[in-house]
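**Student:** Using the sequences and the hints, build the whole thing.
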Amino acid sequence: MDETFMNPQQPPLGPEASLDLTKAILAHTSGSPCQRLQTLACEYVDGELDQGQASLVRAHLEHCHACSALVTALTEMKRVLPTLAQVDPGPWFTQRILRATLHAPRRDSAFNLRAAWFKLLHRPRIALEIAYLGAAAGMMGLYLPHPTLPEAGSLPAIVRTLSPQHLVQPLLAPAKRVAGAVMQAEKRTSTALKGAFLPKEGLEIQAASGQSRWQLMSYKVLTWLKRAAGSLHSSAKAEEKSSKPANP
Amino acid sequence: MVRTGDELAWEAFVRQFQSRVFGLAYHYTTQAEDARDLAQEVFIRIYENLALIPDEDGCLPWILRITRNACIDHLRRRKARPPLWDLPAEELFDLRSTERNPEDLHFEAARKGLVHRAMQELTDLNREIILLKEIQGLGIEEIAAILGIPVGTVKSRSHRARLELAQALTAVGMGG
Chain W
1 MDETFMNPQQ
11 PPLGPEASLD
21 LTKAILAHTS
31 GSPCQRLQTL
41 ACEYVDGELD
51 QGQASLVRAH
61 LEHCHACSAL
71 VTALTEMKRV
81 LPTLAQVDPG
91 PWFTQRILRA
101 TLHAPRRDSA
111 FNLRAAWFKL
121 LHRPRIALEI
131 AYLGAAAGMM
141 GLYLPHPTLP
151 EAGSLPAIVR
161 TLSPQHLVQP
171 LLAPAKRVAG
181 AVMQAEKRTS
191 TALKGAFLPK
201 EGLEIQAASG
211 QSRWQLMSYK
221 VLTWLKRAAG
231 SLHSSAKAEE
241 KSSKPANP
Chain Y
1 MVRTGDELAW
11 EAFVRQFQSR
21 VFGLAYHYTT
31 QAEDARDLAQ
41 EVFIRIYENL
51 ALIPDEDGCL
61 PWILRITRNA
71 CIDHLRRRKA
81 RPPLWDLPAE
91 ELFDLRSTER
101 NPEDLHFEAA
111 RKGLVHRAMQ
121 ELTDLNREII
131 LLKEIQGLGI
141 EEIAAILGIP
151 VGTVKSRSHR
161 ARLELAQALT
171 AVGMGG
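Protein chains in written order, with the working numbering: chain W, 1 to 248; chain Y, 1 to 176.
Read the hints as simulated data drawn from the structure, not as lab findings.
Check each hint, because a few of them may be wrong.
Unchecked claim - One side of the interface only, derived from the structure: several residues of chain W facing chain Y at Cβ under 8 Å:
1) A41
2) C42
3) A73
4) I97
What the hints assert, rightly or not - Below 35 Å or equal to it, Euclidean Cα-Cα: the simulated DSBU-like pairs (lysine-lysine) are:
5) W:K176 - W:K241
6) W:K187 - W:K226
7) W:K187 - W:K241
8) W:K220 - W:K241
9) W:K78 - Y:K155
10) Y:K155 - W:K241
Where is the CB? At the ideal position from N, CA and C, for every residue including glycine.
**Tutor:** Structural data, given as structure tokens:
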């Protein structure tokens, strides 16, 4: 007869073999209990588990080194983290605050306005926004229908001498400059973004991988502006040609 | 009394909350000088709105909310995540430690440095939840209001954030 059967006091398996057997059984049945322990670990450390569940967790921790390390780290965190709430800023900090508040001169609205204007001008996208507004204003000046002038007799002489051509002509040169600046900005941005996009037909753009919405939008805006600037440039050239006197 | 602008009350107010404000700013920026500038900015904003200071219970969450918003604005302006860099234990200005033994002080500071470094491994939202809940001790509803996310999200994220941080700490040898 088998000796272990004759002597039930002697365990049939060593501790390591027993552990391996437990793992093998769990792997074929409920799966690893470590994941279940992870869902309970925070509550266990906070003392929020009922007695039954707490004793099951403790029993698992006796046999699982990884989970035991995790619970020890959670316990240590619970002790250390609250001590990080207050950090001494240094000996002169209070005086610095009092100087900046109690003893500072009162700001008037003009100062605030200046500071706000300074802040506005130093925003990162301000150059692009100014170029866009300038191009849009130039195009509006050229392509929007001009209001019909009232009767000649009711206007001052200087206005009577103005024609739509006189109103639009001064806008051409700055519009050309803005269009040129926009095209240059677009070239620079295109070179930088080239690697990230797979351009399709027309304006369809597909990001190669997770590019930000801002990059996609700015590429679309710049491509549109390039087209608008291109047509502005060619119409300005046509205007110039037509205004030059014919060669004798 | 601080709402009336009384200078002594204001000084007491600053001394009461400066470590909290600086601590939160420091954990967001990881740069002591940036944290001081931000903390000063926060106190100036508070000073310019003294009449809005809430009652005692709501005061700390209100101040931490202003601090957090200032830190987020600063990080956006800097356009960078807080970089992961070796944090010497001496960088943590913690003079409130009750440890008297210099060796224990150094050990404690090193532990805190380890935790601070491990926090930089977390996602932004998880790190904020750890900062506001586990470190600053705010309630779940207050955190949900500050971050603009549902209460349920804060609860579930809080557990995940703690596990994530514990795993990061276990990886560097804390625990076990």
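**Student:** List, from low to high, the hint numbers that the structure doesn't satisfy.
**Tutor:** 10
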